[in-house]
Amino acid sequence: MHELSVTENILEIALGHAEKAKAEKISDIYLVIGQLSSIVDDSIQFYWDMLAKETKAEGATLHFRRLPIVIKCNICKHTYTPKGDQMSCAACGSEQITIIQGEEFYLEAIDIDK
Amino acid sequence: MTKRIEIVENILGANEQLAEENRSRLDQAGLYGLNFMASPGAGKTSLIEKTVPALKEKFRVAAVDGDVATTIDADRAAAVGANAVQINTGGECHLDAVMLKQALNQLTLDENDLLIVENVGNLICPANFKLGTHKNVLIASIPEGDDKPYKYPGIYRGVDILVINKIDLLPYIPFRMEYFTKGVEILNPGLMTFSLSCQTGEGLDEWLSWLESEILTFKETHSSPQ
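Chains as they are written, first to last, in my numbering: chain A, 1 to 114; chain B, 1001 to 1226.
Honestly, I wouldn't trust all of these hints.
Said to hold, decoys possible - Here are the simulated lysine to aspartate or glutamate pairs, EDC-like style, with alpha carbons at most 16 Å apart:
{"id": "1", "chain 1": "B", "residue 1": "Lys-1058", "chain 2": "B", "residue 2": "Glu-1111"}
{"id": "2", "chain 1": "B", "residue 1": "Lys-1182", "chain 2": "A", "residue 2": "Asp-85"}
{"id": "3", "chain 1": "A", "residue 1": "Lys-72", "chain 2": "B", "residue 2": "Glu-1185"}
{"id": "4", "chain 1": "A", "residue 1": "Lys-20", "chain 2": "B", "residue 2": "Glu-1006"}
{"id": "5", "chain 1": "B", "residue 1": "Lys-1101", "chain 2": "B", "residue 2": "Asp-1027"}
{"id": "6", "chain 1": "A", "residue 1": "Lys-56", "chain 2": "A", "residue 2": "Asp-28"}
{"id": "7", "chain 1": "B", "residue 1": "Lys-1148", "chain 2": "A", "residue 2": "Asp-85"}
What the hints assert, rightly or not - From chain B, some residues computed to sit far from chain A (all C-beta separations above 12 Å):
{"id": "8", "residue": "Asp-1067"}
{"id": "9", "residue": "Gln-1086"}
{"id": "10", "residue": "Lys-1135"}
{"id": "11", "residue": "Gly-1201"}
These aren't lab readings, by the way, just hints derived from the structure by calculation. Each residue gets a CB set at the ideal place from its N, CA and C atoms; glycine is no exception.
Next comes chain B alone, as it looks inside the complex (with noise of 0.2 Å):
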């Protein structure tokens, strides 16, 4: 006798209960996390290398870099003053809530300001996998083409914040910005972006003082044990 069982059950439902238990960490650390998602060498170790310096006078920054192997982006982070743990994910084209569980293991949470998890380079998978951090960050790149939006529209869509790098090299490259905002814009209206240059510093100083005044406001809501 056959029987129909009604289910409706979310088939990726395993990774997002783990990213909400990871989320409540963070909000009970008074840790306010964000997801550095990009291309390879879009540039997002180096905007935490520009970010960790100009921040570390007021706030304690950890860092957990994902690849899939070394340790270069975790010595990068470390290097300028982030309390950095790096995860090999064994060949995983995208880090998941299990691995960012296991790093935030082996970090004090209550004894940081600011998480920056910088994902595995990678335009597809990560927008899939819900890790737990607060805003997901997309750092594109002037070199990368202004097409990304039209052929990318998971992590366009999926995305709380856009940083545009690497704008010195706009004279160089043939980069039609307004073709590619529309593209953004259709996929994630209003959309808060950010233009600048890591290797100049142009543009950073607006990144850095929204990013300030979003750490004040979660500490408003979310004080750490003491």
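Chain A extracted, bound-state conformation (with noise of 0.2 Å):
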């Protein structure tokens, strides 16, 4: 959702690190996006194909690591990643939940060629 403001923003990102360290180009892009997390990597792919054009970072591939869902029972402790729509602890059976992953969207590193 979003992505092409998205895109702009991990862009924006990425060169600033890039121009700091005298890069060259950027040849790689490292997101770790949360399964959670409402980000469709072929319209980010799609965005940036565009966006990047005659950008230190054209050409760049783009690399997505998807975190899964970990969730963690606030009655038994204990944490599990769950299946299909049903949130419920698979211990217990408890709705008492605290979600401990899966909302994430960074930007963990760039490769850069100097």
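If you follow the hints, you should be able to join the two separate chains into one complex; please do so.
Rendered as structure tokens:
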């Protein structure tokens, strides 16, 4: 959702770091996206191909590392990755849960050529 | 020669930073801010129309209304006594911190006690864009159906208060309250919930009492400069 402005943000952050490091070009971009985060990889790739043209990031390969949803049960403390839409505790069935992983969206690293 | 640069920077960071700045401004002005989110037609503006007259003896209320077009909602808020500002988003499907910042610039913040930001009618996008208000309020309505928590987990997970509006229509709509509340409980255990009808007035007193005590508690810890 809103992948155009999101891709603009990624490009800006990446180019900023590349400038600081006095890079010639960026060869790879490493993104971490939680399974619950409403970001569509194909849409980012699509906008990236357009936006990165004529910048130091042109032609860079985007890598998407998806993090699975991890839930911790507030009652029995069991941690698990839910199957399907069933979010309640896999061990005790409780619905008192905390999502401890799955909502991330960040730029982890870039590879640059100097 | 290729080199790896570790970054670990949040992509939506720019909006969050501005939201923090908006929050600071509200704190410094002693202004308690709520972000009203809902589907179109669920009752955001109606709840403002019921809230403002009830509170305005004791508190000055400002309203910031976000819509793609018209000043209909800001006009309704102003008609009941709020200091109202309309944002027309130019097609954007949600408010963001930049837009709220611009709206705050049009208000004299420390002359108000409560700020209600009425977001664009949308159950998806507003959940992802912090504004800097203190609490997120979701207004669900009976005619929308009982499966919405399951279908829109992002917004149900991201709110601090749930208002169920149009309870006067329960006799006419096949709405399974147990199924609905179970969905809410899974996503947001213990979520503070008010069931009411803006139309008939049922349940409004509990909402108004709670809001009044929230504003007073906030004022105890955030006094505006004199």
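Consistency of the hints with the structure:
The suggested pairing of Lys-1058/B with Glu-1111/B holds, with an alpha-carbon distance near 13 Å, which does not exceed 16 Å. Between Lys-1182/B and Asp-85/A the CA atoms are separated by roughly 14 Å; this keeps the pair inside 16 Å, and the hint holds. For the proposed pair Lys-72/A and Glu-1185/B, the alpha carbon gap of about 15 Å is at most 16 Å, so the pair holds. Between the alpha carbons of Lys-20/A and Glu-1006/B the distance comes to roughly 13 Å, so the proposed pair stays at or under 16 Å and holds.
Proximity of Lys-1101/B to Asp-1027/B is assessed by CA-CA distance (about 14 Å); at most 16 Å being required, the pair is judged to hold. A threshold of 16 Å between alpha carbons decides the hint, and for Lys-56/A with Asp-28/A the separation of about 11 Å falls inside it, so the pair holds. For the proposed pair Lys-1148/B and Asp-85/A, the alpha carbon gap of about 14 Å is at most 16 Å, so the pair holds. Once the 12 Å rule is applied to beta carbons, Asp-1067/B is consistent with being away from chain A; the minimum gap is 18 Å.
Against the 12 Å criterion, Gln-1086/B stays outside the reach of chain A, whose nearest CB is about 23 Å from its own CB. At roughly 19 Å, the least C-beta separation between Lys-1135/B and chain A is larger than 12 Å, which holds for a residue marked as non-interface. Look at Gly-1201/B: its CB is around 32 Å from the nearest CB on chain A, clear of 12 Å, so calling it non-interface holds up.
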